[in-house]
Every structure is written in structure tokens, then in C-alpha cells.
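S.K.: Spelled out, the chains give:
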Amino acid sequence: MTEHEICPLGVDGVLVRFARILTDEANSQALAFRAQVIHAELLGVTEVASSLTSVRVGFDPQRTNRADITQHIVDLLERPEKQDSGPRRLWRIPVAFGPAHAPQLAQAAELAGVTQEQAVKEITSQRMRVIALGFAPGQPYLGMLPPHWDIPRQSELTPKMPNGALVVAVRQLIIFAADAPTGWRHIGQTAFRVYQPDAPEPFAFNPGDAVEFCAVADSELIALQNRTDTNGGATCKVLC
Amino acid sequence: MQGTVLMPTLTIHSIGPGVTVQDLGRPGWTVQGLSTGGAADRLAILEAAALLGTPPQAGLEMMGFGGVYSTDTDTRIVLTGAHMQATIGDSPAPHNTTILLRAGQRLNIGGAKHGTFGYLSFAGGIQTDLVLESRSTHLTAGIGAVLQTGTTLPLGTDSDTTSAPKRLTTDDRTTGGTIRVMPGPQTAFFSDDTKASFAQTTFVRSPRGNRQGVRLDHDGAGFSLDGALNITSDLIVPGDIQMTGEGVPYVLLSECQTIGGYPRIGTVLPADLPKLAQAAPGTKLRFAFISLADADATAVSDTTLLANLRKDCQPMIRDPHDIVDLLSYQLISGVTAGNDP
Numbered sequence: 001m002t003e004h005e006i007c008p009l010g011v012d013g014v015l016v017r018f019a020r021i022l023t024d025e026a027n028s029q030a031l032a033f034r035a036q037v038i039h040a041e042l043l044g045v046t047e048v049a050s051s052l053t054s055v056r057v058g059f060d061p062q063r064t065n066r067a068d069i070t071q072h073i074v075d076l077l078e079r080p081e082k083q084d085s086g087p088r089r090l091w092r093i094p095v096a097f098g099p100a101h102a103p104q105l106a107q108a109a110e111l112a113g114v115t116q117e118q119a120v121k122e123i124t125s126q127r128m129r130v131i132a133l134g135f136a137p138g139q140p141y142l143g144m145l146p147p148h149w150d151i152p153r154q155s156e157l158t159p160k161m162p163n164g165a166l167v168v169a170v171r172q173l174i175i176f177a178a179d180a181p182t183g184w185r186h187i188g189q190t191a192f193r194v195y196q197p198d199a200p201e202p203f204a205f206n207p208g209d210a211v212e213f214c215a216v217a218d219s220e221l222i223a224l225q226n227r228t229d230t231n232g233g234a235t236c237k238v239l240c
Numbered sequence: 001m002q003g004t005v006l007m008p009t010l011t012i013h014s015i016g017p018g019v020t021v022q023d024l025g026r027p028g029w030t031v032q033g034l035s036t037g038g039a040a041d042r043l044a045i046l047e048a049a050a051l052l053g054t055p056p057q058a059g060l061e062m063m064g065f066g067g068v069y070s071t072d073t074d075t076r077i078v079l080t081g082a083h084m085q086a087t088i089g090d091s092p093a094p095h096n097t098t099i100l101l102r103a104g105q106r107l108n109i110g111g112a113k114h115g116t117f118g119y120l121s122f123a124g125g126i127q128t129d130l131v132l133e134s135r136s137t138h139l140t141a142g143i144g145a146v147l148q149t150g151t152t153l154p155l156g157t158d159s160d161t162t163s164a165p166k167r168l169t170t171d172d173r174t175t176g177g178t179i180r181v182m183p184g185p186q187t188a189f190f191s192d193d194t195k196a197s198f199a200q201t202t203f204v205r206s207p208r209g210n211r212q213g214v215r216l217d218h219d220g221a222g223f224s225l226d227g228a229l230n231i232t233s234d235l236i237v238p239g240d241i242q243m244t245g246e247g248v249p250y251v252l253l254s255e256c257q258t259i260g261g262y263p264r265i266g267t268v269l270p271a272d273l274p275k276l277a278q279a280a281p282g283t284k285l286r287f288a289f290i291s292l293a294d295a296d297a298t299a300v301s302d303t304t305l306l307a308n309l310r311k312d313c314q315p316m317i318r319d320p321h322d323i324v325d326l327l328s329y330q331l332i333s334g335v336t337a338g339n340d341p
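Residue numbers (full-length UniProt numbering), protein chains in the order written: chain A, 1 to 240; chain B, 1 to 341.
Derived from the structure by calculation, the hints contain no laboratory data. Incorrect hints may appear among the rest.
[As the list claims (entries may be wrong)] Computed footprint of chain A on chain B, listed as stretches where at least three residues anywhere in the stretch have a Cβ under 8 Å from a Cβ of chain A:
id: 1; region: 21-32
id: 2; region: 177-191
id: 3; region: 267-273
[Unchecked claim] Per the computed footprint, the stretches of chain A lying under chain B, defined by three or more beta-carbons under 8 Å from a beta-carbon of chain B, are:
id: 4; region: 50-57
id: 5; region: 92-106
id: 6; region: 156-167
id: 7; region: 199-211
[What the hints assert, rightly or not] Derived, one-sided and incomplete: chain B residues facing chain A with beta-carbon distance under 8 Å:
id: 8; residue: I143
id: 9; residue: A145
id: 10; residue: Q148
id: 11; residue: V237
id: 12; residue: T258
id: 13; residue: L292
id: 14; residue: T298
These figures come from a predicted structure and were not determined experimentally. Cβ atoms here follow ideal geometry from the backbone N, Cα and C, with glycine treated the same way.
For reference, chain A alone in the conformation it holds in the complex (with noise of 0.2 Å):
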């Protein structure tokens, strides 16, 4: 295990980290700590948030403390949970990866190494990890590709990712929340909606959820997009 940092974040607010760059095992370690704070259900504790290293534990400062809190962090942090930590979850999402659909396909395939073909191949047979959820409400960073796809984010921004887009770098990938600027390139196209702020559940994802992303032709992601009946064709299974 990673030496981890137990630090403030606000007055109401324990942050644990456990790394200081984003590795698979740190984010699988915060992962999974969020899961055995909330399972330990701790007196006080209002929010239990995890981000790609770290994990905070929120606390309402009239029913607990700084020193109680980080106690019984240190102590859940001396004896993890043997529980299982794998996905609860597991997304299959279209993406249309047609010229139309994929603008920087090419060079960021070119940038990892591979050809499109094999681009497209490596994105769609392996399982993707939700390792953080941010920037945009609901929208998910998914890791860890293999390390040739350890590509920098482009100098110059997109100035209008559109809301859908999968876009890749650093070895992970996103599905993009919200029509933004963004320095990551623009590989594939999803009709899936990540948040939906007036659905009755806003948001699709959850940390920790696997994804899987199959390939549609363009034709078939134009007839996704029109649909109202599905999100995006996606499904979501939920894992034993």
C-alpha cells in the first residue's frame, strides 16, 4: 500500500490521499476506502466524496470533530476491508468512431502508435473504471488505457467539444458532459447523456462503475441520437 496523507479540507473536512500522482492503485485505494467509510457509517459524517487519489470525509462540526474523525479514518485505513472492491456495475455504450463522428481519430491514434483500426480495437475490448467523476456534473474520467495511450492534451482547446464526444488523453478517456472547450482529443461520438440534471436519477454514472464501449456505424449512432426512448443505446447490467 502507497504511504497516504490524512490532511484538512475545510473546516468540516478530512482529506485522504493516497498518491500524489494518479495511479491505478491509488485511485483503486480511494475506491474503495470511500466505500468502507461509508459501510462504517461514522457518527457525523455528512458527504463522503473520492476523487481520482483521494478521498474526503465531511463532517457536520455540531455531532463530531476533526480529532474523532480522523481516528476512526486512521483506524479504517489500518484494517481494509477484505470485501470484494470490483465493479458493481457494468455500462456497453455505442460510439460511432466514423470521420464524421471522430475529427482527431488519426492523430491520436498516430500520437499513440497504433492505426485507426487498432485504436478502435484497443478502446472497444477493454473494460473501462469510472476512476472520478467532475469537472462537469456526471461527467466520468474512465482508466486506465494501456501506457502507449499516455498522450498529452493538445495546447490549443477545442472550443466546442459537443456533449457526448469521447475524448482521450493521458491514458483515460471521457465522455464529454456538456458541449465546453477542452485541450483532449475528439475520438468518438456516444448519443449518451452522462447527467440529465430533470431526470429522477440526474446522473449515469457512479465511481467505480466498469464501462465497455462498442463500436456503431454513423448511420446507427444519427438513429440513437433521434431516439427519446433510450439513452444513447446504452445499457448498464449490474454485476454479482
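Use these hints to put chain B onto chain A, whose structure you have.
M.R.: Positioned in the frame of chain A, the structure of chain B alone reads:
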């Protein structure tokens, strides 16, 4: 809406460019990437609740400029937060004081004289639909929208329009000054020299600011990390002071992101964040690092804060000490009118 009972309605006759419905926000969705949001100056929502004798409710947050409003039912209202020029007909509408707004009367709220975010609250609260258990507009998350002229909003009924008026005296939080900062997870990433220099700098609140955060301007070098240290994005809380690539500080407010990649030198205490939010462009601000123990000693729940504010509310009965021209009153003959204000 059920039966024949119609909800009171608020009508917006004209409005400033930055007016939204705000309550205390929607906590609990950080892990999904949705920040709590809610009023930029949360204290103003609690002050309104204390004065009106209600739980914290949704009101109008008016950034810089108010508007003209009326209701179709008598209701008590209160203006908190930034001091805005406000009148009902020809009469001034005082700040931090319960006021009875009669059906059809026009409440005219102008520009902020002191501060940035003014709040207009109604005894029955604004009763727009809940989204994730809150009525707060969260612009960056696409929840709600900036209000427009001609819009009407549902209000709750004021069950106590005849209750005695109250007022609340608060410390002025619109003039900047020294803001207390507690250490955060990345404070140690900054050199001692950078931290010392930050604490010795007088900043000016930039015109660039909104519900997400406020930029601070200063003369001299920026406050960057040493070298080209690239840090992994991590969780953010409102009050965090982040340094952009050029080392320019931004203090994050209620509608900030949940995760950010810019280094953060520390966190403004929640107790001092209203001062930061209310500092108008040009206001001078300084920062003082305090210890974790001192910071934690200021932690207080909304429940306690509200209970204390309720105790501070005073009935609007004139105390002889407040009457500067006491001697001019004809106290002996007792002929002053009984309905003096």
C-alpha cells in the same frame, strides 16, 4: 396545484442581469461532480430566516442590481446581504428588517451601494420545483436560469403578516479587510517565501467574478508553485484559493467545480467567506494564515448559526437610547401621537 387554493405569486416587472433563485444549495453530490451551489453569501439566507422566523428558504439572489417586484398577496419580506437602494412606493425599504409588502405594491430595488450579492426573501419562501431537494439555480450545471423580466414565481403563504416587525444588526461584511485562511491539502506544495509574500500582499477584488469564484488582482509577481510541478486534479471546497497558471489567485465560491487541477494555497474560513463574496470590485483584501486548531474553533453548523441569529433579532420598538432627540419629545404631557413609528 391542488384544489382551488392558488399560491401567492411574485411578479418580476424589471430585473437586473444577475438575479437567480437561491437557497442553501444541494449538498451531497460532490462525488457525481455537482457542487453544492446555493447562495454565494449563505449567511444572508440564514439572516432572512432568522428575521422571518422560518427555516432557511429560497429567495432571490441579486448580483449587483435588483429589479422591480410585486406580489398579489400581502407578505412579509426582508432584504439581506449587500445593501441595495430599495423603496416601496415613496418609502425606503430598510435593510435587515422585516417589511410588510402589500398586494400590488411595487418594491423597487436598485444597485448595490455596499457589497455585491443582495437577497430578497419572502416569509413563505419561493416555491419553485425542487431539483435534487433544492431550489437553487446552478448555472454551470444547467439547473434553473437567470431570471427575466415578466417572469412570475410561486410563493408560499405568509401565515403571520401581522407579527411585529424585527430587525437584525450585523457586522458589516462589505468592506473587505483581513480574511482568515486555513491550511489545505496543497498548502505545503507552496514555498515558505511564496506563502509569506501572499500573506503580505494587499489584493483588490477584480471586476472578474461570479458565483463560481472571484479573481484577486495585485501588483508584483504571481504565486506559483516552484518549478513546473504538475499536480493531479483533486477535490475542491468553496473558499479554496487556487492559483492559475500565471499565479493569479481566485477564491472559489459556491458554484465552483468539485475537482480542480490548479494548486490551492489554502481555504478561506466559512466564517469569512461572506466577506469575500460581498467585496465589491476594487475592495481591498488581505489574507492571514491561521492554524488548523484556530480554524476548527470557528466551525459552526447552520443550525447553531441560525439559532444565534434568531436571538440577535430585535423587535422594532424604539428604545429611548436610540432616540437621539429624546428631549424634544413632550414626555410629560404625553401628547405625542400613539402611532409614532
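S.K.: Is the interface hint satisfied for I143 (chain B)? The criterion is a beta-carbon contact with chain A at less than 8 Å.
M.R.: Result: holds, 5 Å to nearest chain A Cβ.
S.K.: For the region 50-57 of chain A, do three or more residues have a beta carbon lying closer than 8 Å to a beta carbon of chain B?
M.R.: It holds: at least three residues are needed, and the region 50-57 of chain A offers 6 whose Cβ sits within less than 8 Å of chain B.
S.K.: Quick check: do three or more residues in the region 92-106 of chain A have a beta carbon closer than 8 Å to a beta carbon of chain B?
M.R.: violated (count 0)
S.K.: Are there three or more residues in the region 267-273 of chain B whose C-beta lies within less than 8 Å of some C-beta in chain A?
M.R.: Answer holds; 3 residues pass the 8 Å Cβ test.
S.K.: Closer than 8 Å between Cβ atoms is the bar; does T298 (chain B) clear it against chain A? Give me holds or violated.
M.R.: Holds, because the Cβ-Cβ distance from T298 (chain B) to chain A comes to roughly 6 Å (cut-off 8 Å).
S.K.: Do three or more residues from the region 156-167 of chain A put their C-beta atoms closer than 8 Å to C-beta atoms of chain B?
M.R.: violated (count 0)
S.K.: Do three or more residues of the region 21-32 of chain B come closer than 8 Å to chain A, measuring C-beta to C-beta?
M.R.: holds (count 6)
S.K.: Under 8 Å is the threshold here; is the Cβ of A145 (chain B) close enough to any Cβ of chain A for the hint to stand?
M.R.: Status violated, d = 12 Å.
S.K.: May I ask you to test the interface hint for V237 (chain B) with respect to chain A, counting a Cβ-Cβ separation under 8 Å as satisfied?
M.R.: Status holds, d = 4 Å.
S.K.: Going by Cβ atoms only, is T258 (chain B) closer than 8 Å to chain A?
M.R.: holds (5 Å)
S.K.: Closer than 8 Å, Cβ to Cβ, for at least three residues: run that test on the region 199-211 of chain A against chain B and report holds or violated.
M.R.: holds (count 5)
S.K.: Go through the hint on L292 (chain B) and say holds or violated, using the shortest Cβ distance to chain A against 8 Å.
M.R.: holds (6 Å)
The structure fails to meet hints 5, 6, 9, 10 from the earlier list, while all remaining hints are met.
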